[in-house]
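Novice: Chains as they are written, first to last, in numbering that gives the first Met the number 0: chain A, 0 to 253; chain B, 0 to 354.
Keep in mind that the hints were calculated from the coordinates and are not lab data. Treat the hints with caution; some may be incorrect.
[What the hints assert, rightly or not] Stretches of chain B that chain A covers, calculated by requiring three or more beta carbons in the stretch to come under 8 Å of a beta carbon on chain A:
| # | stretch |
| --- | --- |
| 1 | 18–32 |
| 2 | 42–56 |
| 3 | 86–95 |
| 4 | 184–190 |
| 5 | 221–227 |
| 6 | 240–248 |
Every residue, glycine too, gets a C-beta built ideally from N, C-alpha and C.
If you want the building blocks of each chain, they are given just below.
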Amino acid sequence: MAENNIISPENLVYEKTSVLTDRVLHYCPGCGHGTAHRMLAEVVDELGIQGDTIGVAPVGCSVLAYYYFDVDMQEAAHGRAPAVATGIKRTMPEKYVFTYQGDGDLAAIGTAETLHACNRGENFLIVFINNGIYGMTGGQMAPTTLPGMKSSTSPYGRDVVTMGNPLKMTELVAELPGTCFVTRQSVHTPANARKTKRALKKAMEYQKQNKGTCFVEIVSNCPSGWKMTPAESNKWMEENMFPYYPLGDIKVPS
Amino acid sequence: MKDLRLMKGNEAMAEAAIRAGADAYFGYPITPQSEVIEYLMRENPAERTGMQVLQAESEVAAINMVYGAAGCGKRAMTTSSSPGVSLMAEGLSYIAGAELPCLVVNVVRGGPGLGTIQPSQSDYFQAVKGGGHGDYKLIVLAPATVQESVDYVKLGFELAFKYRNPVMILSDGIIGQMMEKVELFEQQPRLTEEFSWATVGKKPDRDSVIVTSLQLQSEEQEKVNLRLQAKYREVEKNEVRFESYECDDAEYLFVAFGSCARITRKAMEMARGKGIRVGLLRPQTVYPFPYDAINKLAGQVKGILSVEMNAGQMVEDVRLAVNGKTTVKHFGRFGGMIPSPAEILNALEQKIIGG
């Protein structure tokens, strides 16, 4: 069969959502950001809220997320995305607002903004990409770097006595009355990506009902920062990250 | 009928914010300006006009909440005092870089560090020369009365939106805390316009709006800077504001702003009583600074005394304005101390007339 015969509408089983732009992603090969972006964009598409969604990009690898999401977006200073989102949502309460933040942004420099937005129960979605490393700046230790894990600022492995312990932000925010839906997912297999998408969709639906802050952590890989092939990094993530950061819902609305 | 009240400076600014049609206020308590958020919370403007008021977890968060609301094209503001404004420096740089309008009030107290809760003008450099990183300018209004504090809230929002630039009201602990007669302006409507630069939700017929101060390509970042500089030149051309007193026949000149200008005016009257022909120029905008007006007077007077509640900050701008034409000296009290008119007169006699 010629290629032209195969490319026809009736054979179309999957297409890129128009909520993602056609711009080529700058992310490294095998990185989870691309899939995470896609799941979120598909949710915005399926709910028909592209024109009512305002996103906030962080500082970190996803600093340029606004190149890829075809929605109105603001770029926040490092760690300040939940404060920026608060300013947006408080003055545009009818819009769907999300932040998209890495572990350095959310769990180190932005810890105060994250905890207080969650504690106030701000009605927006926080998407938290946790890969246990600072990717953008070249592989330094993150607040979520595992004990013993090597990075450029923990070259002999993270020594928890001197460098502290990996911070479980997701469990922390689940304790706060302001959060409505708190879950930890991954996007490294098709099945997990689908689960993540379902979680993001639920979060947007809860936002519509003004139920409080929704917090979706996505445990992800960083082949470049971890110095592994994409396949190796996914295996390493399953064997090392998931035991410390177990997947699943931590808090669901009653 | 005029709406005349006897009000404290901080509370009057809070009332002015509601009447100026502000959409949102985000703030964090700090002496000597906490009455602003206390007044707003008590007044509950959500019911009066729909204005949102939120006590943030820090000044860092407050200014970033302002960023978010301003990025949606809303009239957003915050108020703080010196240590808190230092924490806002990062956010102000981002707001200036992203070309967003907002209003920030600094009710200055003495520094450095935790300093004192008493009034000061020691944040002049921070306000007019930067404070945060990068080449940016705030438009800085310096009220000397409660009336000007109120009027500058309205003017501040107008200038912020005219130039899409952060505006600062550089007040101090005297003006914030004292009560004066003030005429309040009428309630202004809140904005209904959807600005093309604001994130209000993407329409099918336009590209998505991106509010950012990031340009990774140097060529692009230079273009942003050139655009900002062109804007600042426009501001300098159009927005210089000052008042002068008794300058026509002046042999000597005081330059002073804010509360300090009121004390200096008294010193001027005392000097005139002694037959010393001294005038006073009071910048109402300290950025843009009235360089030309001072330069003109520099050709006429024998000496200029810059009177400030700091160790000598505005005096550098006065020297730039004078450009060597005449003697320029500084007199200041600082760390929360307030100069008396007699001290200022004495400084004129010692440093300028006898100097």
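Novice: Could you run down the list of hints and mark each one as holding or not?
Specialist: Going through the hints against the structure:
no. : hint    : in the structure
1   : 18–32   : holds (count 3)
2   : 42–56   : holds (count 4)
3   : 86–95   : holds (count 3)
4   : 184–190 : violated (count 0)
5   : 221–227 : violated (count 0)
6   : 240–248 : violated (count 0)
The structure fails hints 4, 5 and 6 (numbered hints given earlier, in ascending order).
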